[in-house]
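Okay, here's what each chain looks like letter by letter:
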Amino acid sequence: MAGAAIVAQGLNIGYRNGAQTVTVLSDVNLTVEQGEFLTILGPSGCGKSTLLRVVANLLEPLEGKISVLGESPAATRKKRETGFVFQEATLLPWRTVRDNIRLPAIVGGRLAKPILVGRVKNLLSLLGLEGLGDRYPSQLSGGQRQRVAIARALIDEPRILLMDEPFGALDEITRDRLNDELLSIWRATGTTILFVTHSIEEAVYLGQRIMVLGSNPGRILNLHDLKPIKTFDNTCRREDPGIVSEIAAQRIMLAQAS
Amino acid sequence: MSRFTSLAAPVFGALSILLAWQFLLPLSGVPAYIAPTPTKILSVFFSQTDLILSNFTPTAIEALAGFVFGNTVAVLFAIIFAYSKFIRQAYFPVVLFFNTIPILALSPIIILIFGLGMTPKIIIAAIICFFPTLVNMIRGLGSATHNEEELFHVLSANKFETFMRLHFPRSLPMLFSSLRIATATAVIGAIVGEWIGADKGLGALIIRATFNYQSDQLYAAIVAASFLSITLFAIVAAVEVRVLRHHAQ
Numbered sequence: 000m001a002g003a004a005i006v007a008q009g010l011n012i013g014y015r016n017g018a019q020t021v022t023v024l025s026d027v028n029l030t031v032e033q034g035e036f037l038t039i040l041g042p043s044g045c046g047k048s049t050l051l052r053v054v055a056n057l058l059e060p061l062e063g064k065i066s067v068l069g070e071s072p073a074a075t076r077k078k079r080e081t082g083f084v085f086q087e088a089t090l091l092p093w094r095t096v097r098d099n100i101r102l103p104a105i106v107g108g109r110l111a112k113p114i115l116v117g118r119v120k121n122l123l124s125l126l127g128l129e130g131l132g133d134r135y136p137s138q139l140s141g142g143q144r145q146r147v148a149i150a151r152a153l154i155d156e157p158r159i160l161l162m163d164e165p166f167g168a169l170d171e172i173t174r175d176r177l178n179d180e181l182l183s184i185w186r187a188t189g190t191t192i193l194f195v196t197h198s199i200e201e202a203v204y205l206g207q208r209i210m211v212l213g214s215n216p217g218r219i220l221n222l223h224d225l226k227p228i229k230t231f232d233n234t235c236r237r238e239d240p241g242i243v244s245e246i247a248a249q250r251i252m253l254a255q256a257s
Numbered sequence: 000m001s002r003f004t005s006l007a008a009p010v011f012g013a014l015s016i017l018l019a020w021q022f023l024l025p026l027s028g029v030p031a032y033i034a035p036t037p038t039k040i041l042s043v044f045f046s047q048t049d050l051i052l053s054n055f056t057p058t059a060i061e062a063l064a065g066f067v068f069g070n071t072v073a074v075l076f077a078i079i080f081a082y083s084k085f086i087r088q089a090y091f092p093v094v095l096f097f098n099t100i101p102i103l104a105l106s107p108i109i110i111l112i113f114g115l116g117m118t119p120k121i122i123i124a125a126i127i128c129f130f131p132t133l134v135n136m137i138r139g140l141g142s143a144t145h146n147e148e149e150l151f152h153v154l155s156a157n158k159f160e161t162f163m164r165l166h167f168p169r170s171l172p173m174l175f176s177s178l179r180i181a182t183a184t185a186v187i188g189a190i191v192g193e194w195i196g197a198d199k200g201l202g203a204l205i206i207r208a209t210f211n212y213q214s215d216q217l218y219a220a221i222v223a224a225s226f227l228s229i230t231l232f233a234i235v236a237a238v239e240v241r242v243l244r245h246h247a248q
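So the sequence lines, in the order shown, correspond to chains A and B. The first sequence: position 237 = 236 (numbering that gives the first Met the number 0), numbered continuously. The second sequence: position 35 = 34 (numbering that gives the first Met the number 0), numbered continuously.
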């Protein structure tokens, strides 16, 4: 599908606290194509999560324009065209894995039951959760919980998936495995993904483009196209020389900027 | 500690005190009208079963009805207060003030209004349960995490859906902790009501036995009241275990 998924022009993002405004991230100009995998990299406090929250309509921008799939963030949110994955899995502990995945369809009740049952089944197998459907979140590992959270975000087949450091709290081995699974989900679904991370490796490995943010004040340092080093449409491995040298290059760039 | 010891230890503790009470207290010269022996108290349950039962039943009905009524109203008020800022600001101070009136001072008025039947006792028991549940439930309804609130916003859930799927289930642990407390206070409320004006019930029996120096009946009434509280508590705890099985993260 052609056309831009997200267009932001002159976006200033921050918080209004009474009469005071605190700008977290300023002058964001960005176009994300449909089907693109964009990683957003930056240190703590640079506003990378805040940017994602504006796209998800969890926060109104202070200034500037943003359109998501050609509409306002609120409109796309109401149409369920954006899925959100938080850093913490945020599963409801009193609901089973299956019921957590179904939650978006129950709140609003937008999907016919047979379709829903089929989708839950597909997502359980897509995310390697077969046999865990009747478990409760307390009976899962951290990695499994995050898989359930991703499945929940995918149940409405959103055209844009927003991920706010989803693997930040996981051990490195689990994180690597989930990175690979996320890439195969992305290839299989063609969803546009905005992925926030503070890990340079993760940002380089996953993204087609990296948006590098700097802090104090929060701003875009660099919008870096990785496609030239990523042959085979992102099916490269993390030990490929191109990826390794790109990680080193990004590290140097960030060190010089700060 | 093995399982056996952890079960046996409290039994041993209770038995040792009962034995000391049974044999050492009379030896120390405490007269029977102040502290009758455990066996004497127990014998009341067999020799005067009708007396105990006929006084236990009304108190049990009053405490249970007050418990259900008071907590139900408290939960409904909490929902209104939690979702309407204006009503909360307008009426919560009134409720707070009402709560500062000692229930003992309020009880005669309630008896005056509702007479000597069961109704005033049910209302006193309900009032005594009401406030802790109201406060706990309001806090419980606001206890969803920031992420959970944002999740429901992203899902475009309406207020009713957010209440049903998030706020209400999240409030249950706090609701149950106040329901546990209410099992004891509901019984207190019923007995206090009976003290002020009743001819039957454990409260009435306590007053009558005290003035007639029938200390075995007095102690038996106390044991029966405590049994009532424990039974209500056990029911609430059993329901809680089932309902909150998966609540802990």
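Source of the hints: derived by calculation from the structure; they are not laboratory data. Where hints are given, some of them may not hold.
Said to hold, decoys possible - To list a few chain B residues with every Cβ distance to chain A over 10 Å, as calculated:
| hint | residue |
| --- | --- |
| 1 | Ala13 |
| 2 | Phe85 |
| 3 | Asn98 |
| 4 | Ala104 |
| 5 | Thr144 |
| 6 | Phe151 |
| 7 | His152 |
| 8 | Val153 |
| 9 | Met173 |
| 10 | Ala183 |
| 11 | Ile195 |
| 12 | Ile221 |
To be verified - Computed footprint of chain B on chain A, listed as stretches where at least three residues anywhere in the stretch have a Cβ under 8 Å from a Cβ of chain B:
| hint | stretch |
| --- | --- |
| 13 | 69-80 |
| 14 | 84-93 |
Bear in mind the structure is a predicted one, so any value in this text is a computation, not a measurement. Even glycine gets a Cβ: it sits at the ideal position worked out from N, Cα and C.
Verification of the supplied hints:
At roughly 35 Å from the closest C-beta of chain A, the C-beta of Ala13 (chain B) stays outside 10 Å, upholding its exclusion from the interface. Here Phe85 (chain B) stays apart from chain A, with its beta-carbon at least about 21 Å from theirs, past the 10 Å limit. Non-interface call for Asn98 (chain B) relative to chain A: holds, since the shortest CB-CB distance, roughly 31 Å, exceeds 10 Å. Annotated as non-interface, Ala104 (chain B) keeps its C-beta farther than 10 Å from every C-beta of chain A; the closest such distance is 42 Å.
Once the 10 Å rule is applied to beta carbons, Thr144 (chain B) is inconsistent with being away from chain A; the minimum gap is 7 Å. A beta-carbon of chain A comes within 10 Å of the beta-carbon of Phe151 (chain B); the shortest separation is about 7 Å. For His152 (chain B), the requirement that its beta carbon stay farther than 10 Å from each beta carbon of chain A is not met, with the minimum near 6 Å. Once the 10 Å rule is applied to beta carbons, Val153 (chain B) is inconsistent with being away from chain A; the minimum gap is 5 Å.
The non-interface label for Met173 (chain B) is consistent with chain A: the shortest C-beta to C-beta separation is roughly 14 Å, beyond 10 Å. Interface exclusion of Ala183 (chain B) from chain A stands, the closest Cβ pair being 27 Å apart, more than 10 Å. Every beta carbon of chain A lies more than 10 Å from that of Ile195 (chain B), the smallest distance being close to 43 Å; the non-interface claim holds. No Cβ of chain A approaches the Cβ of Ile221 (chain B) within 10 Å, the least distance being about 40 Å, so the stated non-interface status holds.
Under the rule that three or more residues need a Cβ within less than 8 Å of chain B, the assignment of the stretch 69-80 of chain A holds, with 3 such residues. Three residues within the 8 Å Cβ limit are the bar, and the stretch 84-93 of chain A against chain B gives 6, so the coverage statement holds.
Comparing the model with each numbered hint stated earlier shows that hints 5, 6, 7 and 8 do not hold.
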